[in-house]
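Engineer: Here is what each chain is made of, one letter per residue.
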Amino acid sequence: GWVHHSSSLSSSFSTAWLVVRAIQIFLVQIGMLLLEIGSISPKNTKAMIIKNIGNSSISAICFYLLGYGFSFGVDGDDFVGWGGFATKGELFSNATGGISYNGATYAHFIYYFCVLNLVPTIVSGSLSERTHVVAYFVVTFFISIFITPVVMHWAWSHKGWASYHSRYLMDTGALDFAGSCVVHVSGGIMALVGAYLVGPRNGRFIGERVNVRMPRQNVTYAALGAFFLWAGFYALNMGTIQNFDGEGVNALGKIAINTTICATGSAIVVSLLTLYKEKHIEPYSVVNGICTGLAGSSAGCATMTTEGALITGLLCGAVYFLLSCMLCSSGIDDVTDVAPIHLGGGMVGTILSAFFTTQSFYKIAVLDSGVGTPCGAFYACEGLGWRLFVANLIFLIAVSAWSLVAGIALFLPLRIMSLLRVDKITEDAGLDFISGADVELKRFN
Amino acid sequence: GWVHHSSSLSSSFSTAWLVVRAIQIFLVQIGMLLLEIGSISPKNTKAMIIKNIGNSSISAICFYLLGYGFSFGVDGDDFVGWGGFATKGELFSNATGGISYNGATYAHFIYYFCVLNLVPTIVSGSLSERTHVVAYFVVTFFISIFITPVVMHWAWSHKGWASYHSRYLMDTGALDFAGSCVVHVSGGIMALVGAYLVGPRNGRFIGERVNVRMPRQNVTYAALGAFFLWAGFYALNMGTIQNFDGEGVNALGKIAINTTICATGSAIVVSLLTLYKEKHIEPYSVVNGICTGLAGSSAGCATMTTEGALITGLLCGAVYFLLSCMLCSSGIDDVTDVAPIHLGGGMVGTILSAFFTTQSFYKIAVLDSGVGTPCGAFYACEGLGWRLFVANLIFLIAVSAWSLVAGIALFLPLRIMSLLRVDKITEDAGLDFISGADVELKRFN
Amino acid sequence: GWVHHSSSLSSSFSTAWLVVRAIQIFLVQIGMLLLEIGSISPKNTKAMIIKNIGNSSISAICFYLLGYGFSFGVDGDDFVGWGGFATKGELFSNATGGISYNGATYAHFIYYFCVLNLVPTIVSGSLSERTHVVAYFVVTFFISIFITPVVMHWAWSHKGWASYHSRYLMDTGALDFAGSCVVHVSGGIMALVGAYLVGPRNGRFIGERVNVRMPRQNVTYAALGAFFLWAGFYALNMGTIQNFDGEGVNALGKIAINTTICATGSAIVVSLLTLYKEKHIEPYSVVNGICTGLAGSSAGCATMTTEGALITGLLCGAVYFLLSCMLCSSGIDDVTDVAPIHLGGGMVGTILSAFFTTQSFYKIAVLDSGVGTPCGAFYACEGLGWRLFVANLIFLIAVSAWSLVAGIALFLPLRIMSLLRVDKITEDAGLDFISGADVELKRFN
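Protein sequence lines, in the order shown, are assigned to chains V, R and C. With positions in the first sequence counted from 1, the corresponding number in the numbering used here is that position plus 1. With positions in the second sequence counted from 1, the corresponding number in the numbering used here is that position plus 1. With positions in the third sequence counted from 1, the corresponding number in the numbering used here is that position plus 1.
Chain V on its own, in the form it takes in the complex (with noise of 0.2 Å):
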């Protein structure tokens, strides 16, 4: 009847939606490749390029292996998910109207994909110029095959015990549409510990922490990344909106507002904080600025009030420069400034998402919201007002804890085992050294 040809429509469509928004969300890793290729010294760009390949392709067999099943397999519990693995069994070949597999199972798989492949570039960002390949590598494998998967887990699927479907947490679950928590800042506390573990770049720090600024090869490439990253944000965000046959999609604008938003706020103001303290514009730390509101901006892009985003921005902004300013005193090299952006701007936008969420934008952006629709904590709504920040700061406690103890489990083993640094002369001769024994134009890299 047209009820059925109604929705396999609207249900193609969603099928789509999702897969062309999973695809676009590429342009994030073109945006990271970019970022870190500009910020590095041109002798590393070789190994660079070798790591950021090599992480999507080790990501992608992973996922396809075993990431997906502890994600969202259904056979799981409150922790992780079982089942799915290799793209079979029943979430993917239990048909939807007649054919004979569920279409929207695989436009779910990879949307996810190009979502959990953001955390390694994010955590391998911090740790160029001196880190072994093959640190890289095993670092990756475990972050795609489980580590983040069991996060996704914990708030995306139907049975996490974060998840907003489940509702466990709280009554209301954590609130984190497009990863700020997920992805940002379990990245950044994996890229945190592997870059006090693998130590500061030779020369980077002299004696009592006196602050050597590296070469860093072009700012156009950190520029063009930072553009490519803002494009797919938008992609990544919108992403949360999967659903056409109800009212969701009347949230894509505002998304796209609010991502805006909450991007140019935080350049501004780290725009305004660099003018003040070096007397001008730093165009790295603005670059900068534009990434760490877009982590902030995914939690609760949907959710949020304009001008909460516009809020959201500027704390994201400040808090960007506060953290990477301290982060120049620590003595911990983070070459790319990932934690400050990603473990910064992701806890901005885990903790505020929950104050300037409204009930009626939960309502039009989570589908199955039922009885009781959560609203942040600015906004009453029914006795739920704090809920939803208890419940996010639960979660983010949870995953930076998650995300401390993998990060020390994966880094420390290598560091043992002398897997995790190459040796000064290689470091000091750049990693593309090995292949030095090209007739490459060394000065056009």
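Hints are not guaranteed to be accurate.
One copy or two, either will do: identical chains are not told apart, so a pair holds if it fits within one copy or between any two.
As the list claims (entries may be wrong) - Capping the alpha-carbon separation at 30 Å, the derived lysine-lysine pairs in DSSO-like fashion look like this:
#1 K364 - K160
#2 K425 - K364
#3 K160 - K89
#4 K44 - K89
#5 K44 - K425
#6 K89 - K364
#7 K278 - K364
#8 K425 - K160
#9 K280 - K425
#10 K425 - K278
Don't read these hints as lab results, they were simulated from the structure.
With chain V's structure known, arrange chains R and C on it following the hints.
Structural biologist: Below, chains R and C alone, put in the same frame as chain V:
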């Protein structure tokens, strides 16, 4: 009932369409950044990046707070809109279909932000390498908050005096679907005024206007920029179709073809002309030829015949070449040939769209065409033949006058207050000199 | 009635889908430009840019005027199409649903233009740094106007002898949804013929074919190129689903997964093989591994199992590595490894898709499959088991023969007329030498 359900899906789709096209227009910003950085000396790269990120940031906040209200606020009159400031008010809260806010208006907002955001980027392109960053930001502020919103109101709001919705002007309204006149002519004129008032770069002209070619750092960036612009213009031009309820979607393929043919036709003409004049094909000129064809395609891409688009493209190329030669001997230093590209292409597009539009294409592209569908002067239509031409001519003159006055009102006070141009030492050392204290690898900027 | 309305929305969506995928394929052009520029000496950069913009421009005009008619014109026969030239005739004007032209045909046109446009770009990639620009443009002209349109007609028109619509060949037709054979094998063979006839670059081989690595200016460009290619191939492969009326959309997620797994599998194999042979992972090779996997994914992305895609990818990587090594000792100078990538990947994809296709996936992806849905040789299906393999093998041989003859017919006369190659002085000085009179910063090209 079914009517409602089906309509709601179609309207969901329209909303998603507009938002996705909007964020794809972001590629134009990336293209502009690459074009501009590729066309300047490396010593001014950082200033350019700060300028471009700053432009987008300021534009976003301004358009959010006030600009959109002046463009599309429903309480306005023929000249300027009023209402909907900061995404508040009836326009945004007036819910459709039982939800608490109007998602379509949010989508509309983000689309027109992405269009508006092109104007300050166009204007600043002519001023590179010697203009003070404060001047850029002041100019961007006023353009985004009032100058361009007003022109958008004239052409695209339901009440504007030249709007094809109101059909007040000549009973047809002006035909400028994607902004050949609103964006490109207007931006081009302000850029020209700015370039004239800021004066040429040191060393650009010698004595009796002997023309010196200034260093341009990277032709690959420029070429990539043109390709991204090209990709983004597909979105810009296809965004003229904003409603999937009717027949408009049938025009999409035609729009893409016309855009392609217009851009490539222009590139071929410019190639042949530079080959004839300089005995080799000049890549920067070919790149600009593409851009000119794109600027010219916007007005009539949805309503022109494809042979019309081809002729428009050929003429765009010729006009670009002519204006670019004229500029060289005029003593005005327009760094990235903004005026030949945007003013030239925009004028050609605005005029020729009034010749090559057919009535049947117009009917498909414009849903509310009502009685007496207009047509171009080359195709007879119920006695309306030349009306569109007269309407477009009047609109072109009005926009030009407005932009000329605005340009003078923007740049003259800045010049008088000595805020327009950096001092000679800074210019010669490079605008990035102030940030030269770091150990950045200068040769890789 | 509702049937009409609902159908019309679905058909609107199909049109929009195809156009948007088409313009996303544009990213492949950007990727190709970056790959090529990254792999050559800086002294030939401008010539490369002129070549690539020129290719697209000439292709667009040729396909508009004649090419599309030879591909999909309905008055043709098994071998070549006829009609619909310059977007005129029944195909375009035959209106659907009361409007004055057939929007779906325009969408079809732009999609296949974007596919066709890849072929001259592939062919010219092998010829860089010593070929005359006139030769490029002559080759592009004939490829876009006739050579590739004919192959597209064979495989993808309703009448073509190898089409899966006509099902004339072996009762199944050849399976090449997104062009592994039509685009990549065909382009790869013409590129190989061209590279052989134009001869190696000066200094590329010494005496007894000692292999000299030539300067490659920028590995970052090459890596970025691969990423953009990757992003664009999602669109290319997903564009095989052209209709939202039926079940095809269910295949989208699967296509994206298969594309990802095939590309990354190939990259991993190439990484391991270069690590084994050269004792380090060679980034240019890994980049090419990605591209080979993408070329191999196109034929069967919609119909293969994901384990089939993984095996296809692994084999793509191995074949790339083998062919690349063979080329080095063959005396043929293929600048960007076009033949190993496109011919190698395309052949693997064309053959293996005939093994790993399942009947149920085929049914979903191909709407007009009618009776006796084909399947791959590894999955039994009503006695049709090996037919698809035979059909694909015949098609592969036919396309290879056609491309070989076309390649000779294109390049041999150019060589005889001495239009193929620039003189030795120009080659050594760089093709950009002719434009060397300006004051461009040479070291930044």
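Engineer: Hints first: check each against the structure and report whether it holds.
Structural biologist: Each hint, compared with the structure:
1. K364 - K160: within (20 Å within a copy, 34 Å between copies)
2. K425 - K364: Close neither inside one copy (56 Å) nor across copies (58 Å); limit 30 Å.
3. K160 - K89: within (20 Å within a copy, 38 Å between copies)
4. K44 - K89: For K44 and K89, the Cα distance exceeds 30 Å both inside one copy (44 Å) and across copies (52 Å).
5. K44 - K425: Cα proximity of K44 and K425: one copy only (14 Å, versus 33 Å across).
6. K89 - K364: between (34 Å within a copy, 19 Å between copies)
7. K278 - K364: Classified as neither; 43 Å inside a copy, 58 Å across copies.
8. K425 - K160: Neither, since 48 Å and 66 Å both go past 30 Å.
9. K280 - K425: Between copies, since 20 Å is at most 30 Å while 36 Å is not.
10. K425 - K278: between (34 Å within a copy, 25 Å between copies)
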